[in-house]
Amino acid sequence: MIISKLEKKENFTNNENEIADYILKHLDEVHLLSAESLAKKAFVSKATIVRFCRKLGVKGYRDFQRSLDKEVEEMLKIKGLLSEEPVNSETKYDEIISIIPSLYERVIGATKLNLDTPVVEKIIEKLKNVKKIEIYGTGISYILAKLASFKFMTLGIESAAYDGLNEHYVISTEKGEKDMALIISLSGNNPYMIRIAEYLKKRNVFVVGIGNGSSEEIKKACSEYIEIHAPNYILSFEMVSLFTGINYVLDIFFTSLLVSNYYKNINTSLEVSKNYETNEPKVSKK
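Okay, so the sequence shown: first residue is 1 according to full-length UniProt numbering, each after it adds one.
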(Lines of atoms letter the chains of each structure in order from A and count residues from 1; the text may use other names and numbers.)
(Lines give C-alpha, C1' and ligand atoms only; values in the text may rest on other atoms or scores of the structure.)
Protein backbone atom coordinates (compact mmCIF):
# COMPACT_ATOMS: atom_id res chain seq x y z
CA MET A 1 0.00 0.00 0.00
CA ILE A 2 1.51 3.32 -1.13
CA ILE A 3 -0.28 5.44 1.51
CA SER A 4 0.81 3.09 4.28
CA LYS A 5 4.43 3.36 3.15
CA LEU A 6 4.17 7.16 3.00
CA GLU A 7 2.83 7.25 6.55
CA LYS A 8 5.45 4.87 8.02
CA LYS A 9 8.40 6.66 6.31
CA GLU A 10 10.71 3.71 6.87
CA ASN A 11 14.31 4.43 5.72
CA PHE A 12 13.26 7.75 4.14
CA THR A 13 15.82 10.51 3.63
CA ASN A 14 15.00 14.09 4.68
CA ASN A 15 13.99 14.93 1.10
CA GLU A 16 11.78 11.84 0.91
CA ASN A 17 10.12 12.79 4.20
CA GLU A 18 9.28 16.17 2.65
CA ILE A 19 7.79 14.49 -0.44
CA ALA A 20 5.74 12.07 1.69
CA ASP A 21 4.41 14.89 3.89
CA TYR A 22 3.33 16.92 0.88
CA ILE A 23 1.59 13.97 -0.81
CA LEU A 24 -0.28 12.96 2.36
CA LYS A 25 -1.53 16.54 2.83
CA HIS A 26 -2.63 16.80 -0.83
CA LEU A 27 -3.87 13.30 -1.73
CA ASP A 28 -6.74 14.74 -3.74
CA GLU A 29 -4.51 16.74 -6.11
CA VAL A 30 -1.40 14.61 -6.74
CA HIS A 31 -3.07 12.94 -9.73
CA LEU A 32 -3.18 16.39 -11.39
CA LEU A 33 0.50 17.13 -10.88
CA SER A 34 3.36 16.24 -13.19
CA ALA A 35 6.61 14.92 -11.73
CA GLU A 36 8.14 18.38 -12.27
CA SER A 37 5.25 20.14 -10.51
CA LEU A 38 5.40 17.79 -7.52
CA ALA A 39 9.17 18.29 -7.32
CA LYS A 40 8.76 22.07 -7.16
CA LYS A 41 6.07 21.89 -4.47
CA ALA A 42 8.15 19.49 -2.34
CA PHE A 43 11.32 21.53 -3.00
CA VAL A 44 13.24 18.60 -4.52
CA SER A 45 14.47 17.64 -7.97
CA LYS A 46 12.50 15.65 -10.55
CA ALA A 47 15.14 12.90 -10.33
CA THR A 48 14.49 12.63 -6.56
CA ILE A 49 10.77 12.16 -7.27
CA VAL A 50 11.47 9.35 -9.76
CA ARG A 51 13.88 7.59 -7.37
CA PHE A 52 11.32 7.96 -4.56
CA CYS A 53 8.63 6.31 -6.70
CA ARG A 54 10.92 3.32 -7.33
CA LYS A 55 11.65 3.13 -3.61
CA LEU A 56 7.89 2.80 -3.04
CA GLY A 57 7.85 -0.26 -5.32
CA VAL A 58 6.52 1.21 -8.59
CA LYS A 59 8.26 1.60 -11.95
CA GLY A 60 7.91 5.34 -12.32
CA TYR A 61 5.88 8.45 -11.58
CA ARG A 62 2.88 7.56 -13.78
CA ASP A 63 2.58 4.14 -12.12
CA PHE A 64 2.84 5.87 -8.76
CA GLN A 65 -0.04 8.21 -9.67
CA ARG A 66 -2.25 5.34 -10.87
CA SER A 67 -1.60 3.25 -7.74
CA LEU A 68 -2.15 6.23 -5.44
CA ASP A 69 -5.35 7.15 -7.30
CA LYS A 70 -6.83 3.68 -6.72
CA GLU A 71 -5.94 3.78 -3.03
CA VAL A 72 -7.45 7.25 -2.55
CA GLU A 73 -10.65 6.16 -4.30
CA GLU A 74 -10.89 3.09 -2.04
CA MET A 75 -10.13 5.18 1.03
CA LEU A 76 -12.93 7.61 0.18
CA LYS A 77 -15.37 4.70 -0.23
CA ILE A 78 -14.43 3.36 3.19
CA LYS A 79 -14.78 6.81 4.76
CA GLY A 80 -18.23 7.10 3.20
CA LEU A 81 -19.26 3.72 4.59
CA LEU A 82 -17.83 4.52 8.02
CA SER A 83 -19.86 7.74 8.12
CA GLU A 84 -22.98 5.54 8.07
CA GLU A 85 -21.78 3.39 10.97
CA PRO A 86 -23.75 3.82 14.20
CA VAL A 87 -20.57 4.44 16.23
CA ASN A 88 -17.15 6.00 15.82
CA SER A 89 -14.04 6.53 17.93
CA GLU A 90 -15.73 9.43 19.75
CA THR A 91 -18.93 7.60 20.73
CA LYS A 92 -19.62 7.88 24.48
CA TYR A 93 -21.25 5.36 26.84
CA ASP A 94 -24.50 7.33 27.17
CA GLU A 95 -24.79 7.32 23.37
CA ILE A 96 -24.06 3.59 23.11
CA ILE A 97 -26.90 2.64 25.47
CA SER A 98 -29.29 4.49 23.14
CA ILE A 99 -27.73 3.34 19.87
CA ILE A 100 -28.01 -0.40 20.62
CA PRO A 101 -31.84 -0.46 21.11
CA SER A 102 -32.33 1.68 18.00
CA LEU A 103 -30.14 -0.76 16.04
CA TYR A 104 -32.31 -3.67 17.23
CA GLU A 105 -35.48 -1.76 16.34
CA ARG A 106 -34.17 -0.96 12.87
CA VAL A 107 -33.51 -4.57 11.84
CA ILE A 108 -36.62 -5.95 13.56
CA GLY A 109 -38.79 -3.26 11.96
CA ALA A 110 -37.39 -3.95 8.49
CA THR A 111 -37.77 -7.73 8.90
CA LYS A 112 -41.31 -7.33 10.23
CA LEU A 113 -42.36 -5.18 7.28
CA ASN A 114 -41.01 -7.73 4.80
CA LEU A 115 -42.46 -10.86 6.40
CA ASP A 116 -44.76 -12.77 4.07
CA THR A 117 -47.65 -13.44 6.46
CA PRO A 118 -49.19 -16.41 4.58
CA VAL A 119 -45.75 -18.08 4.39
CA VAL A 120 -45.04 -17.54 8.10
CA GLU A 121 -48.51 -18.81 9.04
CA LYS A 122 -47.96 -21.88 6.86
CA ILE A 123 -44.66 -22.59 8.63
CA ILE A 124 -46.26 -22.18 12.07
CA GLU A 125 -49.08 -24.61 11.19
CA LYS A 126 -46.52 -27.18 10.09
CA LEU A 127 -44.49 -26.62 13.27
CA LYS A 128 -47.54 -27.51 15.35
CA ASN A 129 -47.61 -31.01 13.85
CA VAL A 130 -43.98 -31.97 13.40
CA LYS A 131 -42.34 -34.92 15.19
CA LYS A 132 -39.05 -33.11 15.62
CA ILE A 133 -37.53 -29.72 14.77
CA GLU A 134 -33.94 -29.92 13.58
CA ILE A 135 -31.99 -26.68 13.38
CA TYR A 136 -28.79 -26.34 11.35
CA GLY A 137 -26.15 -23.64 11.51
CA THR A 138 -22.40 -23.05 11.43
CA GLY A 139 -20.29 -20.72 13.56
CA ILE A 140 -22.40 -18.01 15.15
CA SER A 141 -25.55 -19.35 13.46
CA TYR A 142 -24.99 -22.66 15.30
CA ILE A 143 -25.21 -20.71 18.58
CA LEU A 144 -28.60 -19.40 17.43
CA ALA A 145 -29.61 -22.94 16.49
CA LYS A 146 -28.78 -24.25 19.97
CA LEU A 147 -30.64 -21.38 21.63
CA ALA A 148 -33.75 -21.97 19.51
CA SER A 149 -33.61 -25.73 20.10
CA PHE A 150 -33.52 -25.17 23.87
CA LYS A 151 -36.57 -22.89 23.66
CA PHE A 152 -38.58 -25.42 21.64
CA MET A 153 -37.69 -28.17 24.12
CA THR A 154 -39.10 -26.07 26.99
CA LEU A 155 -42.46 -26.44 25.22
CA GLY A 156 -42.13 -30.23 25.20
CA ILE A 157 -41.20 -30.32 21.51
CA GLU A 158 -38.38 -32.63 20.46
CA SER A 159 -35.66 -30.50 18.95
CA ALA A 160 -31.92 -30.63 18.24
CA ALA A 161 -29.24 -28.30 16.85
CA TYR A 162 -26.59 -29.47 14.38
CA ASP A 163 -23.52 -27.85 12.86
CA GLY A 164 -23.25 -30.48 10.13
CA LEU A 165 -25.16 -33.18 8.29
CA ASN A 166 -25.02 -36.83 9.39
CA GLU A 167 -26.37 -38.60 6.31
CA HIS A 168 -26.38 -42.02 8.02
CA TYR A 169 -28.57 -40.59 10.79
CA VAL A 170 -30.94 -38.94 8.31
CA ILE A 171 -31.41 -42.20 6.38
CA SER A 172 -31.73 -44.40 9.48
CA THR A 173 -34.44 -42.18 11.02
CA GLU A 174 -36.55 -42.26 7.85
CA LYS A 175 -37.15 -38.57 7.43
CA GLY A 176 -40.39 -37.39 5.90
CA GLU A 177 -43.22 -34.88 5.91
CA LYS A 178 -43.60 -34.98 9.71
CA ASP A 179 -40.10 -33.54 10.11
CA MET A 180 -39.00 -29.94 9.79
CA ALA A 181 -35.53 -28.45 9.40
CA LEU A 182 -34.63 -24.82 10.03
CA ILE A 183 -31.52 -23.75 8.11
CA ILE A 184 -29.83 -20.64 9.51
CA SER A 185 -27.44 -18.82 7.18
CA LEU A 186 -26.14 -15.37 8.14
CA SER A 187 -24.96 -14.66 4.60
CA GLY A 188 -27.92 -16.28 2.87
CA ASN A 189 -25.62 -18.12 0.48
CA ASN A 190 -23.51 -20.47 2.63
CA PRO A 191 -22.74 -23.41 0.25
CA TYR A 192 -22.69 -25.93 3.11
CA MET A 193 -26.13 -24.85 4.37
CA ILE A 194 -27.47 -24.96 0.81
CA ARG A 195 -26.23 -28.54 0.41
CA ILE A 196 -27.87 -29.58 3.69
CA ALA A 197 -31.15 -27.95 2.64
CA GLU A 198 -31.07 -29.69 -0.75
CA TYR A 199 -30.35 -33.09 0.82
CA LEU A 200 -33.12 -32.83 3.42
CA LYS A 201 -35.67 -31.49 0.95
CA LYS A 202 -35.06 -34.49 -1.33
CA ARG A 203 -35.99 -36.71 1.61
CA ASN A 204 -39.36 -34.91 1.92
CA VAL A 205 -38.34 -32.83 4.93
CA PHE A 206 -40.00 -29.40 5.07
CA VAL A 207 -37.00 -27.05 5.03
CA VAL A 208 -37.25 -23.44 6.21
CA GLY A 209 -34.30 -21.15 5.50
CA ILE A 210 -33.68 -18.03 7.57
CA GLY A 211 -30.92 -15.56 6.72
CA ASN A 212 -29.62 -12.48 5.02
CA GLY A 213 -29.64 -11.82 1.27
CA SER A 214 -31.91 -13.23 -1.37
CA SER A 215 -29.74 -15.90 -3.01
CA GLU A 216 -31.88 -17.75 -5.53
CA GLU A 217 -29.83 -20.88 -4.86
CA ILE A 218 -30.78 -21.09 -1.18
CA LYS A 219 -34.39 -20.16 -1.92
CA LYS A 220 -34.62 -23.02 -4.39
CA ALA A 221 -32.98 -25.42 -1.91
CA CYS A 222 -35.53 -24.61 0.83
CA SER A 223 -39.27 -25.23 0.96
CA GLU A 224 -39.67 -21.67 2.26
CA TYR A 225 -37.16 -18.90 2.90
CA ILE A 226 -37.44 -15.97 5.31
CA GLU A 227 -35.13 -13.09 4.50
CA ILE A 228 -33.66 -10.93 7.25
CA HIS A 229 -33.26 -7.28 6.30
CA ALA A 230 -30.11 -6.07 8.03
CA PRO A 231 -28.08 -2.97 7.11
CA ASN A 232 -24.60 -3.53 5.69
CA TYR A 233 -21.95 -2.31 8.10
CA ILE A 234 -18.16 -2.41 7.92
CA LEU A 235 -17.83 -3.02 11.64
CA SER A 236 -19.17 -6.13 13.39
CA PHE A 237 -22.59 -4.49 13.79
CA GLU A 238 -23.75 -6.49 10.78
CA MET A 239 -23.41 -9.62 12.92
CA VAL A 240 -25.39 -7.95 15.71
CA SER A 241 -28.14 -6.97 13.26
CA LEU A 242 -28.38 -10.40 11.63
CA PHE A 243 -28.30 -12.18 14.99
CA THR A 244 -31.14 -9.95 16.20
CA GLY A 245 -33.24 -10.40 13.06
CA ILE A 246 -32.89 -14.19 12.93
CA ASN A 247 -33.59 -14.50 16.66
CA TYR A 248 -36.71 -12.36 16.12
CA VAL A 249 -38.06 -14.81 13.51
CA LEU A 250 -37.23 -17.82 15.69
CA ASP A 251 -39.02 -16.18 18.62
CA ILE A 252 -42.10 -15.67 16.43
CA PHE A 253 -42.15 -19.44 15.88
CA PHE A 254 -41.52 -20.16 19.57
CA THR A 255 -44.21 -17.76 20.82
CA SER A 256 -46.75 -19.03 18.28
CA LEU A 257 -46.19 -22.60 19.51
CA LEU A 258 -46.42 -21.44 23.12
CA VAL A 259 -49.77 -19.75 22.42
CA SER A 260 -51.12 -22.80 20.54
CA ASN A 261 -50.84 -24.83 23.78
CA TYR A 262 -51.29 -21.91 26.13
CA TYR A 263 -52.89 -23.60 29.16
CA LYS A 264 -50.69 -26.66 28.95
CA ASN A 265 -47.60 -24.44 28.93
CA ILE A 266 -48.93 -22.39 31.87
CA ASN A 267 -49.39 -25.58 33.91
CA THR A 268 -45.91 -26.77 32.97
CA SER A 269 -44.40 -23.43 34.02
CA LEU A 270 -46.26 -23.50 37.35
CA GLU A 271 -45.08 -27.04 38.01
CA VAL A 272 -41.46 -26.12 37.24
CA SER A 273 -41.76 -23.09 39.53
CA LYS A 274 -43.26 -25.22 42.31
CA ASN A 275 -40.48 -27.84 41.99
CA TYR A 276 -37.87 -25.11 42.07
CA GLU A 277 -39.28 -23.68 45.31
CA THR A 278 -39.50 -27.16 46.88
CA ASN A 279 -35.93 -28.08 45.96
CA GLU A 280 -34.41 -24.68 46.71
CA PRO A 281 -31.47 -25.13 49.10
CA LYS A 282 -32.18 -23.80 52.57
CA VAL A 283 -29.76 -21.39 54.22
CA SER A 284 -29.01 -22.35 57.80
CA LYS A 285 -29.39 -19.62 60.37
CA LYS A 286 -26.71 -19.41 63.03
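Because the hints were derived from the structure by calculation, they are not lab data.
Remember, it's a predicted structure, so these values are computed and weren't measured experimentally.
Careful: at least some of the hints might be erroneous.
With beta-carbon atoms standing in for the labels, derived distance ranges [as the list claims (entries may be wrong)]: (1) H31 - M239: 34 to 44 Å; (2) H31 - A160: 56 to 66 Å; (3) R62 - M1: 50 to 60 Å; (4) E36 - S4: 19 to 29 Å.
Calculated pairs, DSSO-like style, for lysine-lysine (alpha carbon to alpha carbon, straight line, at most 30 Å) [claimed, not checked]: (5) K112 - K5; (6) K264 - K202; (7) K46 - K59; (8) K131 - K70; (9) K46 - K92; (10) K55 - K146; (11) K151 - K126; (12) K8 - K40; (13) K92 - K122; (14) K70 - K5; (15) K40 - K59; (16) K70 - K112; (17) K59 - K9; (18) K128 - K112; (19) K132 - K219; (20) K25 - K9; (21) K41 - K5; (22) K146 - K92; (23) K178 - K151; (24) K151 - K132; (25) K131 - K146; (26) K220 - K264; (27) K55 - K92; (28) K70 - K126; (29) K202 - K219; (30) K132 - K112; (31) K131 - K220; (32) K5 - K151; (33) K202 - K128; (34) K132 - K8; (35) K70 - K92; (36) K59 - K92; (37) K219 - K201; (38) K70 - K132; (39) K122 - K264.
Heads up, the beta-carbon is just placed ideally off N, CA and C, and yes, glycines get one too.
**Item:** Pairwise hint evaluation, K132 against K151, where the allowed Cα distance is 30 Å at most
**Value:** Holds, because 13 Å separates the two Cα atoms, which is no more than 30 Å.
**Request:** Take the C-alpha atoms of K8 and K40, compute the straight-line distance between them, and say whether it is at most 30 Å.
**Result:** Holds. K8 to K40 sits at ~23 Å (cutoff 30 Å).
**Asked** Going straight from one Cα to the other, do K59 and K9 come out at no more than 30 Å?
**Response** Within the cut-off at roughly 19 Å; holds.
**Request:** Sort out whether K92 lies within 30 Å of K59, counting only the CA atoms.
**Result:** At roughly 46 Å apart (the allowed maximum being 30 Å), K92 and K59 break the hint.
**Restraint status (C-alpha distance of K40 to K59 at most 30 Å)** = 21 Å, holds
**Asked** Are K92 and K122 close enough, with their CA atoms no more than 30 Å apart?
**Response** Violated. K92 to K122 sits at ~45 Å, over the 30 Å cutoff.
**Request:** Would you mind confirming whether the straight-line C-alpha gap from K131 to K220 stays at or under 30 Å?
**Result:** 24 Å, holds
**Distance restraint between K131 and K70, which requires alpha-carbon spacing of 30 Å or less** = Violated. K131 to K70 sits at ~57 Å, over the 30 Å cutoff.
**Prompt:** Has the given pair, K55 with K92, been kept, meaning a C-alpha gap of at most 30 Å?
**Reply:** Roughly 42 Å separates the two Cα atoms, so the pair is violated.
**Message:** Hint check: K178 vs K151, CA-CA at most 30 Å. Holds or violated?
**Reply:** Holds, at about 20 Å.
**Message:** Just to be careful, I want the Cα atoms of K219 and K201 compared with a cutoff of 30 Å; is the pair within it?
**Reply:** 12 Å, holds
**Prompt:** Measuring from beta carbon to beta carbon, are E36 and S4 in 19 to 29 Å?
**Reply:** Given a distance of about 26 Å, which is inside 19 to 29 Å, the answer is holds.
Hints 3, 5, 6, 8, 9, 10, 13, 16, 22, 26, 27, 28, 32, 34, 35, 36 and 38 from the earlier list are contradicted by this structure; the remaining hints agree with it.
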